[in-house]
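K.L.:
In case you want the letters, here they are:
Protein chains: 2
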Amino acid sequence: MPDKYKQRMARKKAHIDVRIEEANIDKGIIVLLTGNGKGKSSSALGMVCRALGHDMQIAIVKFLKGVQDTGEDAFLAQQPNVRTTCMKTGFTWDTQDREYDTQKACETWAVAEQYLKDASIDLVVIDELTYMINYKYLDEEKILNALKERPKKQHVVVTGRAASKALIEIADTVSILKDEKHAFRANIKAQKGIDI
Amino acid sequence: MPDKYKQRMARKKAHIDVRIEEANIDKGIIVLLTGNGKGKSSSALGMVCRALGHDMQIAIVKFLKGVQDTGEDAFLAQQPNVRTTCMKTGFTWDTQDREYDTQKACETWAVAEQYLKDASIDLVVIDELTYMINYKYLDEEKILNALKERPKKQHVVVTGRAASKALIEIADTVSILKDEKHAFRANIKAQKGIDI
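Sequence lines, in order, name chains A and B. Residues in the first sequence are numbered from 1 upward in steps of one, following the numbering used here. Residues in the second sequence are numbered from 1 upward in steps of one, following the numbering used here.
Simulated from the structure, these hints should not be mistaken for laboratory data. Errors might be hidden in some of the hints.
Just so you know, same-sequence chains aren't split out, so a pair can sit in one copy or run between any two.
[What the hints assert, rightly or not] When the alpha-carbon atoms are kept at most 16 Å apart in a straight line, the in silico EDC-like pairs for lysine to aspartate or glutamate are as follows: (1) Lys4 / Asp97; (2) Lys192 / Asp26; (3) Lys165 / Glu180; (4) Lys189 / Glu22; (5) Lys6 / Asp94; (6) Lys12 / Glu169; (7) Lys12 / Asp97; (8) Lys153 / Glu141; (9) Lys88 / Asp73; (10) Lys192 / Asp55; (11) Lys104 / Asp139; (12) Lys152 / Asp118; (13) Lys12 / Asp26; (14) Lys189 / Asp17; (15) Lys4 / Glu99; (16) Lys148 / Glu113.
Please take these sequences and the hints and turn them into a complete structure.
P.N.:
Take a look at the structure:
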């Protein structure tokens, strides 16, 4: 009797090997993590770690967040290859001031734009960017152009809920995180090492 | 004319503040990242960074992966607070040997089980666990029991496609990553700092 399992796996391997050989384009990509589920910024941070392991240069631009001191902040502050810029206004319901938020968003975007022109930076993370577009704090066209015209080898990771069609269009890899369940809804508070 | 924006945001803030106050349970949680989209293991790695920022103790158990040297491996090897165990067999189509895979899976799970009994470990990551259950390399009941009986403050992050109903049931936070788009399908190869 032939070993059917072995045969099936050998066929699968042959198919996958061909696909891997076909995928030979080498370029900077845009990864977009959107949807309401937990894990978008975490995922961006995980890619930062991979980049750190390759001794790459990383820039992180955070919109909205930054009122609270987090484990993430403490960790990033220790990494010589990472520069971080944070809007530090908290959420829109914290400031309750649209003009102030817009001004801060524009200032923060100006920094992101510099990173997106700098070929010495291998990975740019733009955290919670989608809200800035959806609230019209920032001009989407300007953002799309900056992304298009960035250095060819530079990777970008963008996070935030409800990404626009245009952002999905320009991205190379897009995951939509569905919020199937969240501990917060069971009255479990934000946990160190998980959420903060 | 009243400032409607400010009023709306103030109401939103009041609502959110109440919800944050209500969410006062403090306990170790299980986070499950499943679905076919990119970002599950990346997200687990991001939570590892948050935990590192809080000087927590971390254990990582990886099923399937480990044939290739990655930026992630290089990064983790530098972290004194992280211990890593890897099945190192690659994928099922690499070994093409069901018995060997099952044996390796059981050996790797035995290590995970020790971590899940050790209250000095604050965060246990079990990467690609779902496949081990779905391929019946490991007994699901045994896994569920080990998760249930772990130290009360210990967090666990589980990743892998097609998580079973029972895993979703036992987890506190579940995100299902939908694969909306992937660079690989556009023949872009796995990128350093993003995929490897």
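K.L.:
Work down the list of hints and note, for each, if the structure agrees.
P.N.:
So, going through the hints one by one against the coordinates:
1. Proximity of lysine 4 and aspartate 97 under a CA criterion of 16 Å is satisfied inter-copy only: 11 Å between copies versus 66 Å inside one chain copy.
2. For the homomeric pair lysine 192 and aspartate 26, the shortest alpha-carbon distance between copies (10 Å) is at most 16 Å, but the shortest distance inside one copy (37 Å) is not.
3. Only between protomers do lysine 165 and glutamate 180 lie at most 16 Å apart by alpha-carbon distance; the minimum there is 12 Å, versus 23 Å within a single protomer.
4. In this homomeric assembly, lysine 189 and glutamate 22 come within 16 Å of each other (Cα to Cα) only across copies, at 8 Å, whereas the closest approach inside a single copy is 46 Å.
5. In this assembly of identical chains, the alpha carbons of lysine 6 and aspartate 94 lie at most 16 Å apart only when taken from different copies (10 Å versus 59 Å within one copy).
6. Proximity of lysine 12 to glutamate 169 under the C-alpha cut-off of 16 Å is found in neither arrangement, the shortest distances being 31 Å within a copy and 32 Å between copies.
7. In this assembly of identical chains, lysine 12 and aspartate 97 lie within 16 Å of each other by CA distance solely across copies; the values are 13 Å between and 56 Å within a copy.
8. Neither within a single protomer nor between protomers do lysine 153 and glutamate 141 lie at most 16 Å apart by alpha-carbon distance, with minima of 22 Å and 46 Å respectively.
9. When the C-alpha separation of lysine 88 and aspartate 73 is checked against a cutoff of 16 Å, the pair qualifies only within one copy, where the shortest distance is 12 Å, while the shortest distance between copies is 32 Å.
10. Proximity of lysine 192 to aspartate 55 under the C-alpha cut-off of 16 Å is restricted to the inter-copy arrangement: shortest distance 10 Å between copies versus 27 Å within a copy.
11. Taking CA atoms no more than 16 Å apart as the test, lysine 104 paired with aspartate 139 passes inside one copy only; the shortest distance there is 14 Å, against 53 Å between copies.
12. Taking identical chains as interchangeable, the C-alpha atoms of lysine 152 and aspartate 118 lie at most 16 Å apart only when both belong to the same chain, with a minimum of 11 Å there against 47 Å between chains.
13. Taking CA atoms no more than 16 Å apart as the test, lysine 12 paired with aspartate 26 passes in neither setting, with 25 Å inside one copy and 45 Å between copies.
14. In this assembly of identical chains, lysine 189 and aspartate 17 lie within 16 Å of each other by CA distance solely across copies; the values are 12 Å between and 45 Å within a copy.
15. For the homomeric pair lysine 4 and glutamate 99, the shortest alpha-carbon distance between copies (13 Å) is at most 16 Å, but the shortest distance inside one copy (66 Å) is not.
16. Taking the closest pair of Cα atoms, lysine 148 and glutamate 113 come within 16 Å of each other only inside a single copy of the chain (12 Å); across copies the shortest separation is 47 Å, beyond that limit.
Hints 6, 8 and 13 from the earlier list are contradicted by this structure; the remaining hints agree with it.
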